[in-house]
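Residues per chain are reported as follows:
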Amino acid sequence: MKMVEAIVKPFKLDEVKEALTKAGVQGMTVEEVKGFGRQKGHTELYRGAEYTVDFLPKVKIQIIVPDDKAATVVQVITDAARTGKIGDGKIFVSNVEEVIRIRTGEKGPDAI
Amino acid sequence: MQTRIPNHFLAVVLGFVLMLFSNLVFGAEDAKAPEPAKAEAAAVAPAPPAAAEPAPKLPTYFTATSDDPKKPPVWPDPTGGASGVWATPAGDAKGDVPDKLSIQDVYDRMTHNLYSINYVWALVAGFLVMFMQAGFMMVETGLCRAKNASHTAAMNFLIYPLGCLGFWVYGFAIGWGNWWNGPVPPGWYPSLGPGLSVLNEGWGLGAAVDAAGKATGAFTYGIFGTKGFFLTSAVNDVAVMVLFFFMMVFMDTTATIPTGAMAERWSWKNFCLYGLWIALPYCLYANWVWGGGWLAQGGINWGLGHGAVDFAGSGVVHSMGGIIALAGAIVLGPRIGKYDSQGRPKALPGHNVPMVVLGTFILAFGWFGFNPGSTLAGTDLRISFVVVNTLLASMASALGAHIALSFKGLKPDPTMMCNGMLAGLVAITAPCAFVNPVGAAIIGLVAGVLVVYSVFFFEGKGVDDPVGAISVHGVNGLWGVLSVGIFATGEYGAGWNGVVREEMVKLYGSDGVRGLLYGDFSQFIMQIIDCATVAVFGFVMAYVWFKISDLITPIRVSKETEIEGLDGPEMGTLGYPDFQLHSGSKIVE
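Going line by line, the protein sequences match chains V and Y. In this text, residue positions in the first sequence follow the numbering used here: the first is 1, and each later residue adds one. In this text, residue positions in the second sequence follow the numbering used here: the first is 1, and each later residue adds one.
Because the hints were derived from the structure by calculation, they are not lab data. All figures in this text were calculated on a predicted structure; none of them were measured in a lab. Heads up, the beta-carbon is just placed ideally off N, CA and C, and yes, glycines get one too. There may be inaccurate statements among the hints.
A short list of chain Y residues far from chain V (calculated; beta carbon distances all over 12 Å) [to be verified]:
no. : residue
1   : D96
2   : V169
3   : A207
4   : W545
5   : M571
In the BS3-like style, the derived pairs of lysine-lysine whose C-alpha atoms are separated by at most 30 Å in a straight line are [unchecked claim]:
no. : chain 1 : residue 1 : chain 2 : residue 2
6   : Y       : K346      : V       : K40
7   : Y       : K411      : V       : K9
8   : V       : K2        : V       : K90
9   : Y       : K411      : V       : K34
10  : Y       : K346      : V       : K34
11  : V       : K9        : Y       : K346
12  : Y       : K559      : V       : K40
13  : V       : K85       : Y       : K346
14  : V       : K17       : V       : K40
15  : V       : K60       : V       : K34
16  : Y       : K559      : V       : K34
17  : V       : K40       : Y       : K411
18  : V       : K85       : Y       : K411
19  : V       : K40       : Y       : K338
20  : Y       : K408      : V       : K40
21  : V       : K34       : Y       : K338
Next up, chain Y with everything else stripped away, as it sits in the complex:
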């Protein structure tokens, strides 16, 4: 069969494959003609290479619109049937007999395969991120005392369903409801297919209008989305489900960070309220950076680099979690016995160091879904760099923490080295796709040193953080966001957030994301704006929330409960009943 295919036919197919990869997925790389980047560009397909015939009819997966207004709309597409053709022997009833297929048919099959690779990649990466919940549980529980093990583990457990519930009810709509109208470069094409075009309603400042004076749904400064509450039928699309799942497991990472800093004294009822609230600050800020909101638009609106660039969420996920943790730890106050009468910090040792180390390994493993998965495209071959950069940063940061401890004359405390590795992973999360391996190692090394000094700094200031979450996620999340503006090489991210600057294309051949070491100082300024936004917004939101929720149900357990341990009084189940010295008789009161 193969031999019967004429050579020129194979050449054309190969050409189409190349075109699909280079023009559609990485379209911005080739976008030489600088057009004003508009949201509508997303829906405008690049001309196919064999554009010999006049006005070629484009398939719906190019245009994201139905070509026949009388037919029902193509999107949302609940089966994936509109996304190319599923290459089975039956296929589109023509069968997969190569010489019976037109180039269009081959293209349809190829497109479907492209989506398939991207779907599987994003979903499997999402499964790894979900497994990070186990890592968080082990790190946080291991670092608290045995009398609070059950309570700390339970918080890490229930935040998963509570956070997911909030995300499903309102979070996804706020964060990604107007995703389709975000800034994109000319020729951009969504890796999960045009089903995401249903995410097209939101609210912001400066509504854009088309030639007919009708609102397009895009805004000069996007604030939040409004489509997708409860994932109702309006967003009943296969691509939307991938995006929902992937973004949900990311948010649960943020949600579980404060449970560590606030462990051993946070009342269960107040924690449950928090679990339903967390999607609000998270998804608002995520909208601004990832959902096409005003920080992402900083490049277009203010000419600052490519707008806020945060590849996998050093800022969106980790800074936000760490800063909420800081506000929570301040509102709660330190654990009883953490400071002596002169205010000097005392150690309250965690009860299971091997558990902390295992949790750290689970998190490091999950990070190989977190970072490379954020391409949302297995066909984006930059994933190999993302993986290596993630690896090198975590290596350098674990060693960096060791060096910092030795420098301070301390022994290599394994819990601090674990914090060090996690700090490097947090820091590389934003820059992982944009930097080179040397840059990644430097970012990691700085993170490892920074986390040690940060832990001692917050402890000295009277902020009691049993697990170091504020330093690992908050401080190093901000460092990660900043490091994009320093170390990004410009090799990757051409047209990111819709920015294609003529002078950059002239200078470097394409306008990739570039830090100040590589010639774009404005990107660094934008990253500072991003850091300031998450720090101020996250802290204010969280501080006000914890103060208000404290009025609804007290945020801190009673002194007696705290001294006895939260396991019995709060959970009714001791973490380690065989090893408890007291009887735990209060449980049955």
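Looking at chain V on its own, in the form it has when it is part of the complex:
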């Protein structure tokens, strides 16, 4: 099993969710997060004076999928979340040791 964590632009969340649902993903966890990448945030003006926004708001989507579906999910997210501009986000894929469904006690891919 793989965990796919995608950090995307907040306004792209709905598109990503719909694309993933179409691709057969049954569940996901979403967090509102803040962060920066190579751009190190940006500056804004307020009443004529500058200020720096260090941490930009992003949305983090967390999905657990069977090994064979990981590549598809990554592709779906990449297609749905891309604008081609700076700040589109990142996707991290990692191994998951175990998944347990609390209600039934099922384990492994069945519990996803």
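Take the given structure of chain V and dock chain Y to it, following the hints.
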């Protein structure tokens, strides 16, 4: 019934109505005979038109004195019963049967109605001004950060009762205690009735004496009043209560201005002391301009225009507030993080822009009480000009701020445009009754541009003003006072502050308030003197006060409190507990 009234009777009644409006309320317009303007003139009534009989007996509401010394004094009048006759079917027991009434009876009823219109107008306008407290709260709170929202809102809240307490205890007496002895033109008549004649004690330089060598209570240079402390029985009069309420809500406007410039770092205890002190500088200066003091007397004493002219308080209310705010911001110093290590200003964005815009609308709405209400007379028909001038100035100033921002290559920051609209309202407050609509629009446009440059100027000089109060109220208040001396047309304000100059009457038909563009340069000089007075007096008073009060209880919160936000440590209540990232655990220490 109506048909039974003879025509000539109606004509006489109509004549009386006209006389009352033109001779009494706007008496100065008709004051052709230039007499030396003396305070006692207020009490001398003009001769009634039907003065056929010798030595006519005048009603008490003309003379403000009791005609029978054996009876108790007519004023103060706690029920309004001495102010004409309340026209009910019972009335003065004669009933309102027209053919049973003498002309005197009709006159009594008309006079009472005149007061009624003026009372209702002044009171309702005062209610609108009171509502401006809500506008100030929203503008100032919206422009500060979320972690200080509760504290900023609470300052705007508690200044209302604290300021009112000071005004009731000592402020009103200092400011308006000698109001009746202020300079007035011949034939002048108070719009709220002669009940205000009880406000007749004060202190100043050069006490005036009557023929018998007795002090009249008037002074060549009035400094402060001394009657009306705690509104005790000596001023137990219906008219005094109207004046008290109206002037109280004006003072609370001044009082709440510094809370914006000093927000996000002012300690609560020091603020509370300030709330009790603010009536002192405010009411002293208000006495000089509005209470018949030495600035109002500048026209009589020095021949400078009509003395200091400030219709609704660009100087008295707004400059004073803005200049106290400047002194406070200087004593406090900038917020942590406002300037970087090279001293360059950094933005600390306010947390709720829609709140700022709503507050601005509430203030603009309240201003329609602030300016036209300052006639203290719904029967003064100039109120329509005052309203339109106020409107046009605020329109022009909001656009002016937009233009100035675009000119500087900036986007139309809504908080700056709101400052722009308020700046225009502040600026038009002094000249609103004396200028024409074109003049009002120009005054507003200048105010809108001025406020943008002023905000950047003070920020560049290291004065941290989170809401722009110094620029909006201080700078544009001074501009408003000056603009009277430039744009006043002379159509209105004949005999203002007791000045009726023969040469002006000869030139223009009447001596209205006139700026330098309309032929009276001396008015401009007097306005400069007024500006200099409020700037120096207000700043010195406030600077000394903040330094002294800092010794009693520190004026600034600790560094830790400021970084955490004042809501928890100072107020014990977070403005937005659900959105706060830190736990606020310091509250329960």
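Against the structure, the hints come out as follows:
no.	hint	verdict
1	D96	holds, 61 Å
2	V169	holds, 38 Å
3	A207	holds, 51 Å
4	W545	holds, 28 Å
5	M571	holds, 25 Å
6	Y:K346 x V:K40	holds, 18 Å
7	Y:K411 x V:K9	holds, 25 Å
8	V:K2 x V:K90	holds, 16 Å
9	Y:K411 x V:K34	holds, 26 Å
10	Y:K346 x V:K34	holds, 22 Å
11	V:K9 x Y:K346	holds, 27 Å
12	Y:K559 x V:K40	holds, 28 Å
13	V:K85 x Y:K346	holds, 28 Å
14	V:K17 x V:K40	holds, 27 Å
15	V:K60 x V:K34	holds, 9 Å
16	Y:K559 x V:K34	holds, 27 Å
17	V:K40 x Y:K411	holds, 23 Å
18	V:K85 x Y:K411	holds, 23 Å
19	V:K40 x Y:K338	holds, 21 Å
20	Y:K408 x V:K40	holds, 27 Å
21	V:K34 x Y:K338	holds, 23 Å
Of the numbered hints stated above, none is contradicted by the structure.
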